[in-house]
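Combine the two chains into a complex, taking the hints into account.
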Amino acid sequence: MFRVTIDGIEGKFGEQETVLEAAKHLGIDIPTLCHDSRLEEYGGCRLCIVRINGRSRPETSCTAKIQDGMTVETSPDDIEKERKTLLRLMTRNGEMDLRGLDRRKEFYHHLERYGLLPADLPGAGINGAKRWEDHPFIRVDMDKCIDCYRCVRICEEVQGQFVWQRWNRGDRVVLLADGRESLKESSCVSCGACADTCPTGAIEDLSIEEEGYPDKYTRSVCPYCGTGCEISIGTMNGKIVEILPVKDSPVSKGHLCVKGRYSFGFANSPDRITDPMIRINGKWKKTSWEEAIRVVGDNFRNILSRYGPDSIGVLGSSRATNEENYLAQKFARIVIGTNNVDGCARVCHAPTAAGMGYTLGTGAATNSFNDIEKTHTMMLIGVNPTENHPIVGARIKEKTLKGANLIVIDPRRTELASLAKIHLQIRPGTNIPLLNALANVIVTEDLVDHRFLDERINNFNAFRESLLEWTPERAAGICGVDASGIREAARLYATGGPAMLFHGLGVTEHSQGTDGVMAVVNLALLTGNIGKEGSGVNPLRGQNNVQGSAHMGCEPSKLTGYVPIETGRQKFEEVWKRKIPSTKGLDEMQMIDSAASGGLKALWIQGWDVYLTNPDMKHTEKAFNSLEFMVIQDFFLNETARKFGSVFLPAVTSYEKDGTFMNSERRVQRVRKAMEPLGNSKADWEIIDLVAAYMGFGKDFAFNTPEDVWNEIRELWDGGHGITYQRLENGGIQWPCPSEDHPGTRILHTDKFTLGKKTSLVEIKYLPTSEVTAADYPILLSTGRSLFQFNAATMTNRSGNRAFHDTDYVYLSRNDAEKMKLKTGEKVKLVSRYGEAVTKFSVDYNLKDGTAFATFNDPEVGLNQITGPQRDAKQNTPEYKVTAIRIEKM
Amino acid sequence: MFSKRDISREVESFYSFPSALNEVEFCAGTACFVARENDPMKFSMAARQQSRTYCLGRCYEAPSSSEGRSVPRIEARTGTPIVLDNIANGPVTTLDMYRKKNGFKALQKALEMKPAEVVDEIDRSLLRGRGGAGFPTGKKWASVLSQDSSEKYIVVNADEGDPGAYIDRMIMEMDPFKLLEGGMIAGYATGAKSGYIYIRREYPQAIESVSNAIKEMQEAGYLGSGIMGSGFSFSFRVISGRGSYVCGEETSLLRSIEGKRPEVGLRPPYPTEKGLFGQPTVVNNVETLSNVPWIINHGAARFSEIGFSKSRGTKTVSLNSLFRNPGLYEVEMGTTLEEIVSGIGGGLRSGNLKGIIVGGPIAGIIHPSKFATRLGYEEMKAAGGELGHGGIVAFDENTSIRDLIAHVSSFVAYESCGKCTPCRLGSRAVENIFSGNNKGKLWTRNDYEILSDTLLEASLCGLGGGLGEFLKSAALNYPKEVDACFA
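Residue numbers (my numbering), protein chains in the order written: chain R, 56 to 945; chain L, 8 to 494.
Next up, chain L with everything else stripped away, as it sits in the complex (with noise of 0.2 Å):
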């Protein structure tokens, strides 16, 4: 009489894209919209598209649509390239090319150790989460190693969802055997049999890539069971995204994999303890997973002597269009990003720079006078930023402060899941103070610093807590532009 339904209708509502694709989709992200004076007709039509894209990753020829493909300049600006060391050099997208690169030469090495030193290695290399909040990826590996169950699994985070960002997107298009090498070697070291790829949506290439690299190991025994003769048993599964930014938090994420409506959850219980379908989890992002091979062949030793403080290794970072040299490096730990905007994206093509916005909108801008800092999670935190994925995004005069806390704030009300008040509510709240709409100027500048607190402190996960740390850091380094938004 009352039977149980399908909830799957509502589940996908949740979605910007719950379907296909749209034949060509316009992007409206950050580096879009800093752009957008370069090609304003260009811009307008990510506007009008019914549901918005929030970031194709192709901020380097930024405003940007789908069509076409295209791939950035990428440089190993390091001595020791980790990342990029395959695709400095082009592309590695079959098994042929990526064993002669040394290809599964890590795996081999790793199947003769013994989980719990795999596991050890890269705790002792420093290695800690490329996705921005920086956990030790020793001990993620450790923890989940040390759960007692018969199912546990990785997850590979390859909702690379920060606008900016197109790490995660050229190594998966490039050098996808890499990334699946590290996931096998996590699989290992944790105990888990079998991993899951969450790729957003506006990555087809990635997709695409790393659905055909899955299929060639297959083919070729890399994955299954029996892995190069061992008893190590593995697949992958690749999950596309349905247009959610907020999918790239992880409980989010989890919850998206698993058919639910991808509110974010509480933690603790953390993925590593209850994870994908209630199961310890490795939740690693894609750039993280790319480096772990390299640890494996050549030491944790070796990687922990690149870099400096606390930040071992190199980074990745993306530059936007309005660099002189836009485009994909992989930077020591430790630059500074003097260096990184001057020396290596040689200035801003036209205009004078205003700020940069590193990691993402959802967090605090760097001032040019902060400039002396160095990369590094705890440095840039000190900054007033966020290292996050290490996307770059420059803005110049042509973005006024009050457009540019209306853009970020709109896209935080569009992307918030609204499981909490303080982001489902509060972004709205600010982007409509931002664009012209606080009617009856019921919102007061002391409300200004107010919402941000409320933002900051009381917003359940890092989407409403970092439009809060964007908009202190606007009122602190920009105090006139934000004061006349009230006047």
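If we strip away everything but chain R, and leave its shape as in the complex, we get (with noise of 0.2 Å):
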């Protein structure tokens, strides 16, 4: 510590800090304009210069390091007589129009400070000479620019994206996107990064502009992808104007996506449902809630007394909090009496829980976001980060150029992938010869990690013995790849670490989804990549509580804590004081399947539209018209409610609700209430509560808060002990937090598995799908989302991300687009085994002959039609990576 004195008062503060910084803890207030924590120290607009003593001329205090018995003047007279002068040049001595000025930010309050505001400033902003207008979310207008450059430097150093640019120099510096003056035109990827930093409102949320400033800001999680960032939601008589990323998120860390930042225009779409509806005689109709309740309990009780309770399937949703899965799976266990209960991660991640568990106990991340600063290595497999997790993605990508090795294993040239070392463009559907190959090439170079081995794996020589048939040269064939190129892949993984894995759908979504991740498992054991910083294996999960919703309960083979039922069953029976049902429950493919064959006569969904999503629509059409009941509850009346739904339960976005979400690194996230319920709409857990009460469980679901449900979860989950609400305030606790003490776990099995000491690899057997190509379906299809559109863009589509991605595309390469004259833009028919879909088509360049890859995004497209019937074998996710198709011209 260093002791320093600044402004008399004398304060001791780390040896890392700068004099702006040591200011701050004191409470002494330096203006500064172009600096920004999150961006490396620049010192350009000089507003933050102070005296210190000894020194012979004045210094940035943002860049200045404090020293031993330093003392500092801030605001001497002359210095504030420099900094006023600073402020009047960057007004142009008074031309620049300083009307549409942001108000909440440094150059307003600075201009304020020093007396440099007429009286009778005008509110908004008119000046037509240098705006932009043509993005749909952000407004540039550079009159009111003076020069700080943190847009450009955001967009290099947190975004990596170097869509800003400087032209010119002195004061004829002009600020460019990509040398043009339209960041709709550009490679803009509308983070918001630039529109958050900039001190004076040249780029400026278009909401801002259009609706004024929020009265009130809510600090929460991000309702889309699994990464967690937190918002900070501002409102407006209870109407979201803005959202801004939260600058000390240990996730996110003051960091968001075009989804996160900028797509929140649904909560307020004039298409909210925000009255309960019941279907009579084919027709939609409002009713109130007591009548909708009644309906509801009045079926579930008539179906079970005629079918028994293994007849209603549960479907949780992994958009809804920790607190709504543990009741939605309390609810089908206890007042409906079954284990069918299920959620979306079966269709994504359910093969990751159940791999990672099954070799090292626990069915989560290893590692954290935080990992990616201190790992030198990255082997991404089948996951594609820049587009489905941005904020993961960006420091991915700002760690790989700043010189970490970046490998990347996918069909697809992501953007990772054209900025990797290595890329192996593999064959769809054949992940696991190629990730059994790598493994060939660690035992046989003999580049494993030894002591590793010897203390934590039982199994070695016998799992080396199985590998030897996997050479580079015979996955090569199967995979489509070189097998230098395997070799060296597996080289730089083992020894350049500590090395970390990321994995994606690309490794659950097939018939050996499972495999695979255990495929993956291996490669982190064999090397010692696991249980250290900077390295593990790290699924990065597709919605932002579907770790948490498998991990609650929703799962018919686990109980809260991802507990299988019969090692819980005593703890649950004790505290819920009731029986947990033997029988053994289906998942929601089963579910389906069950339905389709007359098996399943209700079904209630929660917040997933399940007819859209899943594969081989015609099956789920099938199984959904066997239905006798369907209890829809979402906030929009999504494709599942609207052709099948029997009653229709209008539930909150999360931005209306509290509660807790789990993130992809293990980590509980506190969600707040930004805005009121809709109408007369409800949150998820309201809802359950009130139907259990109606079927006489009011007592087992007395809850008056989300926190209420929250500590009976963790006297229930043991790795959750210790999260309370209360510290829950800044950040979130990763699990294990077995105690109230206790400060969470941010990497896993550091000297032991949670199964064990010891673990054991896994020989995985090559069983190639029968999603096989013939004549007439010549082309290997995967599905995936964008950037721009989330899954079935039910939340984006009516937030203006349409101007981005207007409707599905499937591309191909560029041989197989000339093969059949396609033009990009053009409509055309995709035809599998199973359906047919129209999308329009684009050509990427950088895809393999006889490969396509097309989003799923569109419901009047309804991709699904053409995806089959395969699923992994072990967890019964469906094979969405792989289709064959043809491709008709319309």
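Possibly wrong hints are sitting among the right ones.
[Said to hold, decoys possible] No farther apart than 20 Å at their CA atoms in a straight line, the calculated lysine to any residue pairs in the SDA-like style are these:
id	chain 1	residue 1	chain 2	residue 2
1	L	Lys-448	R	Thr-146
2	R	Lys-813	R	Asn-514
3	L	Lys-388	R	Ser-111
[Said to hold, decoys possible] If you want the footprint, here are the derived chain L segments under chain R, 3+ residues with CB under 8 Å:
id	stretch
4	277 to 284
5	431 to 443
6	453 to 465
Derived from the structure by calculation, the hints contain no laboratory data. Only a predicted model underlies this, so the values are computations on that prediction, with no experimental measurement involved. Don't be surprised by glycine CBs; every beta carbon is placed ideally from N, CA and C.
Shown next as structure tokens:
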């Protein structure tokens, strides 16, 4: 610690701190403009100059490091005069049009403090000369630019996108996006970092210009992917006006993507359903909550009495809170009396939870996003973070640009693949041979971590033998990549450590999805890349609470805490004072099958458009048509509700309720209510409570707040016992956290695995998928999301994102496109063995011939008409990543 | 889908002359400005150029253009010439000629010493940087030598941008081997294996001469591996500037070599710790390195005996065309300005001397009342100026202080990198005041003082800071003329 005196006040500060930081600790406010703690030190605007004793000239406090015994004067008269002069210069001696300066931001405050604002400044800025107005979310008015270049720097240093550029020099500098005056037409990813950091309002959220400043900000968690970025929701009169990043968030570190930052318009979309509805004679009719709950309860009772509890299924939602998922499974298990409860993890990462759980004992990420800063090598398998987990993507990208090794295994040349040292562009469906071959190189070239294997692994020698047949040459033929590339990738991963593995749905959504996950884990175990900083196996989860929903027990074979039913039965029955059913529950895919064959009679679906997103829509349709009763709980009349629903219960968005989410790195984070529920809509937890009470279980569901629910969860889940709402105020806690004085766990398996000191490598046999190409279906299609649209686009389409991604596209290689004489933008018909769908077409110059990629965002396209019935053999997760198709010209 | 683009067009737009040379260029530098009455037509051509050329280094014949080739008068006005010892007797443009002048003896001697001994020799000589900052060269080398890094660089700052100076230009054109030998000794002493010579584009003949010298040395085995039978390897690369004054600032120069936008960077870390491509780097100017072979040959003691006070050895000064004897002169440190101006320069050809600008316009003006000042880093500062590069521009009554301030502030505004506010906007505000654009007299005489202080105290590098010094000295030495501009 250094002792420093600032403006006569003495304090002790960390030795790496700047004068600015030290002053801030003392409550001394030094004006700054070009400074942003998210960025590297810059020292451009010079506003923060201070006098340091013994130095000949003033120095910028944002760059000057403190020294022991230093004495600083922050605002002597002469410095104050110079600051005022600098501000005068920035306003071009008063010529700048000061209307429309952002009144919340530094520049406005400084002008006010130094008496440089005219008394009669009108509100909105309407200077037309230097405005760019083509972007749907961001307005640019360069008249208000003061050349601090925070936009340029944040675009470079945080997003790694390099869109903003400085052209020319001196006072002739103009800021351009990719050399042009348009953000919309540039490579901008609309993360909004520039608008957030801009200290004047030259780059501003359009919503602020159109609607004004929020009167309240509420800290919460993003409703989109599983990264768990923290958001600050700005509301005015109960409506969301703006969402900003939370600067001190441990996950997102003051950054967001286009979805978290701008795609909130859905919350106030005019087609929100805010009253319960019942379908009478095929038509929806608005009704009261009492009536709706009565209809739901009576129908469940009726079906229970006629067909028994296992004729009913409950589907929780990965978009609902932990508390709500907990209640959904509790409802299924004790009110209905069935284990037929599942969540959308079934169609994405169930193989991860199972595969990692099998080998390591915990089915969740072993490390944390902050480990990216500590790693030397990253290997990405079947995951495209810059589009689907953009904040993780940006961090991986920044780390790569700073020199870390990157290996990408993906059929597509994703943005990160284009930056990677090695990109293995494999044929869809051939993960197992490739992963086995990587392991083969590691063992045959003796790149293993012997010490780790001795201490932590049971069966290395047997496993080694089993791999010998998987030579890189053999895998190369199957996977369509070079054997030398496989060797290089294996060597780099094994020797360039600490090395992190990231995987996504490109691993899980296969007929060998769970096997794929275990094959990934094998690599980490062989090389000792687990249990230490900057290493591990790190699944990137698709939806904000997909980790939480299964973990809370929306899983037919698991109770809260991902505990097998029989292991947890005694404890749960004691706490619940109810019996847990013993019959084996159906997972979501089995429920569909059972309904189609007449077994399942009723289904309660919460926050999930199953019809649109499940594969093989014809099969789903048949199943749903066979149900006697279907309750849909959502905030829009989704496709499932529209076609099949019996009762519609209007839920609220996560902006309108309290609770917790769990992100990809096991972090429990606090969700806070920023606005009142729209109309008569209610939070899922309240709705479940109401139905339970109607059905006679009021005492079991007597929760007044989500915190009450959470406290019951804590009682049942050892790993979450120490996580109280109070402790979640800032940034959340990563489980396991067994007691209230436990700090949480950043890295799992450090000296032993959850399942014990030692574990075993898993020999994975290759069982090729039955979904293969044929003369009629020559192309292998994978489906996925895009940066601008999220899943079925329920939310993003209602938030202006169509401006970037108007409908679904299928991408083909240039050769294939030329062969079929297809032009970008034209409509084509995709035909598989299971159905047809019409999308727009686009060339992807980096795809391999014979492979295709398509998004599945547009309900009007209904891409899942063509995906098929193949599933992961162990977890029933659909094989979305492999469908043989042909493409027909329209 | 979102690919990283080439950013070079953006970086190129920073420079005045991103591409090829103009056929004929007219100089807009300070020496040409103060001599504009001698050929108004010629000087007016400079203002008409699309991009301005700030200093062709032909101040001895100002106002000047790039046409033809010319050589100034060059004399060693000291008993022990060190820098101009060869050139004073004509150019040394081939390896043979250089060898006959004891060329590479110093390198050979150095290669027989330990690197630390070479550094120590330079340190004991008390040689200081001739680019203006006056940092002890031995200390700089010692810092790089002490860095534990397999990659180190020698960067020769040959971006002699201060209008009025043409010392480095003549050294490079007429005695390039001496500079290169000095650079190689620096490389051997600090553990660097490669050198970059960043030469301003305004000196095409210097680029040619240095490039030819390097080629000859490569062919003769003086560059490459195992130089002169030792284990020492070294290579040189010549980098041509693209028209930017600020690239003479070392952080900016390094970024320019790296292909980045050459904005001025923060120090620390200093280039000796994190320089070119993030590696420890010696950045020395041309004249500094040209002293090195002599020091090695004759010993630190002899060098340190020359000069005075904290400024040892000699300094080469260049005089502009208004002097009776314009040209390049090597004088001992400690020589009085009076001796240089009147004795060597012979006073002005015509008109009355109003003041001199030493080391470029980005420093205080020296009033004739201060001509007893002796040439030395600290002494020149005490007199309100700078030693700088050693370019001396005298101006007479044809140049009003109003016009001079307008010229200098225009130069700064034009050359500012734009990173820091005082330099980017303050220089332009001053230019506007003094070129008659002080709309509504918004800026007052009192504001002038505060603007000067702000430039001096708040600027990031010497460009804005130097303008502040210049403005303060103008007000101090010519108060009536400055006051009149606000009347």
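Status of each hint after checking the structure:
1. Our distance criterion of 20 Å between C-alpha atoms is met by Lys-448 of chain L and Thr-146 of chain R, whose separation comes to about 16 Å.
2. As the CA atoms of Lys-813 of chain R and Asn-514 of chain R are separated by approximately 10 Å, the hinted pair is consistent with the 20 Å bound.
3. A distance of roughly 13 Å separates the Cα atoms of Lys-388 of chain L and Ser-111 of chain R; the hinted pair therefore holds under the 20 Å criterion.
4. Only when three residues or more bring their CB closer than 8 Å to a CB of chain R does the claim for the stretch 277 to 284 of chain L stand; here the count is 0, and the claim is violated.
5. Taking a C-beta to C-beta cut-off of 8 Å, the stretch 431 to 443 of chain L contributes 5 residues in contact with chain R, enough for the three needed, and the coverage statement holds.
6. Beta-carbon proximity to chain R at under 8 Å applies to 8 residues in the stretch 453 to 465 of chain L; the threshold of 3 is reached and the given coverage holds.
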